[in-house]
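S.K.: Here is how the chains run, residue by residue.
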Amino acid sequence: MSETPPVVRDRPKVVFEPGGYARFAGTPVPPAQRVRTLVGVFARDQWRSVKSKLFGALFVLPALVMAVVVVVRAKLDISGIAVPHADQAKWIMQLLHYLGNINAGFLLLGVATQVAPLIARDGHQGALLLYFSRPVLRSHYLLARVGAAWLSGLVLLAGPALLLILIMLSQYGLQPGGCPFEGALGALWWMALVVGQVATSAAVALVTAVAGLAAGVVVRNPSSAPLAFGGTILASIAGSWVLQAAWGKETAARAVDLHRGLLSLWDLLAFPLDPDHPPATAAVTAGGGILLWITVGAGAWWLLQRYLHNPPLGKGRA
Amino acid sequence: MQAPAASAGTQQKPVAVLREVSKTYGDLPALRQVDLALPHGAVGLLGPNGAGKSTLFRLLLGLELSDHGSIEVLGHAMPEHTLEVLARVGYMPEDDSLFPGLHGLDQVVHAAQLCGLSATDARSRAHQALDLCGLADARYRMGASYSLGMRQRLRLAMAVAHGPELLILDEPTAGLDPEGRQQMLDLIKEIAGQGVAVVLSTHVLPDVEAVCDHVVLLSKGQVGYIGSIQGFRAGTGSRWQIRVVGDAEALATLCRAQGLDSELQGRTVLVSAPADAGPQLWQLCVDAGVGVRAFGPVEEDMSAAFVRHLRIDDPLRKQLSPSLQGGA
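For the record, the sequence lines run as chains U and C. This note's numbering puts the first residue of the first sequence at 1, with every later residue one more than the last. This note's numbering puts the first residue of the second sequence at 1, with every later residue one more than the last.
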């Protein structure tokens, strides 16, 4: 017989709390609060990865560069560098326009990589069953997913724009040169810029979020979702080139180009007080692109609802 | 925070009632005119693949609509009151699925919040549920990094965190090693012991035997058996087991003389006789002059009972049996 004691391995043991399983007898929260919770969880879900945080920083970068340019041109009273007094309002709108164009491009990239796979991933990994076997309506889930993506897009677009507006306001004051309003009414001009930027950001973030999520559910595979969304955008741009080359009409080409359509939305909503591009004129030139995005948005919403009407309930069943 | 277990009065109520429920996928019938009252307690849902177990769960959870019939869960009509019902039901799916990108604690907190708990309550209940399921040390690890057994227990914690009245478990021990399986069964027994109605679907028949009081057998979309575990195993009572002291052969001969098929196994006589043949057999023992050490219907193991019930339920067999009887 061996004298060494036998080795006793620690057996994993079920740990019971004193009292064991307990029923919950608290007060349930109302459904609206559950949707808000879902939006919060989904929004955090989008920002969890390092890649998504880097993407967020990308949106602020152009605004920071422009802010530096604004400060330098405002401070240096050197001919050729300083903005002529009469052109200040125009220059402000021009910068915001550039920023909008750049960030709309980033947004399309961000939606393709960060948003498009989300619902498809939930379907692919069986999480939809976890949601719908709990008191979560499919419409609530969809609203929360779109809401979270929209909120992120809104912050990413409007945040840098508002930062830039604030810096320009600090440099040029309430009454920049060339402002159509006199005296204290200059505040109205600035206010119109803020409202325009926020409204445009909200509209652009909404249509891209819906379209991105829908692209993911069409292919049903989260890893193919970015390609589906990005591919659709690229195909629409290529289509517009072909159309323009064959037909030569820019308005028709613009009406099939998703990227330019998004910029058209910007033209229409962002600068309601721009004397060079009054909303009525902008609506005519941008009409095709805006109509395109309204159609895409409505179609995407229908696709999402159809997908969630009969979703894949189980892992790998997408 | 804690409510007492359900009173005896509510325990008598069925947790779910299905009346003439049918569900078809394309041309394939999944459930056919099912009438079923799931009793309170721990119920094992058995049936071969394709019997309709998953469809039954989906209908109970309002994930799908029946083509015909009515469903009531916890006293509420489905699917009209799906949200009210789901807030009181815990479901552990068969699939190895978790909420993407959350650590163990957040998985359970999220699940509890979806069921209507406030953030504070959900967090407190999530800690309790993780402790209950033995995941206290792993609560801040990403759910995806858990072993299969831990993920199963995590899903159970997610199902119980909001304190459901009815717990639906789909294959809770699938893929677990013997130790993990035993832990899972202990947990389920602990929860069922607190007055929570449990419906457990599994292909592992000893699991049902270990945890459940009742069995529902589904076969080809119909209820093949509903009743107690003992009844399931005892079946029709068509076979009796009599262990004797004395001349077992004499008893066997006497039984045959009475037209009862009997078989001798050492000192045990196995007799084929109807369920109500007890007094008659007892009299035969007296007549044979043997002492009786054990007497009663043969209890099959779960597997044998399962197979026998499936055979009874086989419609082809039902169709053939009258002609076979006629031929005999």
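These are calculated hints, taken from the structure and not from any lab test. Since we're looking at a predicted model, the values are computed, not measured. One thing to keep in mind: the hints can contain errors.
[As the list claims (entries may be wrong)] Sample of chain C residues at the chain U side, in silico, Cβ under 7 angstroms: (1) PRO14; (2) GLN113; (3) GLY116; (4) THR120; (5) ARG243; (6) VAL245; (7) GLU249; (8) ALA250.
[Stated by the list, open to error] Partner residues are not named here, just some residues of chain U that face chain C (Cβ under 10 angstroms, in silico): (9) ASP45; (10) LYS75; (11) SER79.
Glycine residues also receive a C-beta, built at the ideal position from the N, C-alpha and C atoms.
S.K.: For each hint, tell me whether it holds in the structure or not.
M.R.: Status of the hints after comparison with the structure:
1. PRO14: Since chain U brings no Cβ nearer than about 20 angstroms to PRO14 of chain C, farther than 7 angstroms, the hint is violated.
2. GLN113: 5 angstroms, holds
3. GLY116: 3 angstroms, holds
4. THR120: Since the shortest Cβ distance to chain U is 9 angstroms, the answer is violated.
5. ARG243: 38 angstroms, violated
6. VAL245: 43 angstroms, violated
7. GLU249: 50 angstroms, violated
8. ALA250: 53 angstroms, violated
9. ASP45: OK, holds: ASP45 of chain U within 10 angstroms of chain C, min 6 angstroms.
10. LYS75: 46 angstroms, violated
11. SER79: Result: violated, 55 angstroms to nearest chain C Cβ.
Hint violations for this structure: numbers 1, 4, 5, 6, 7, 8, 10, 11, all remaining hints satisfied.
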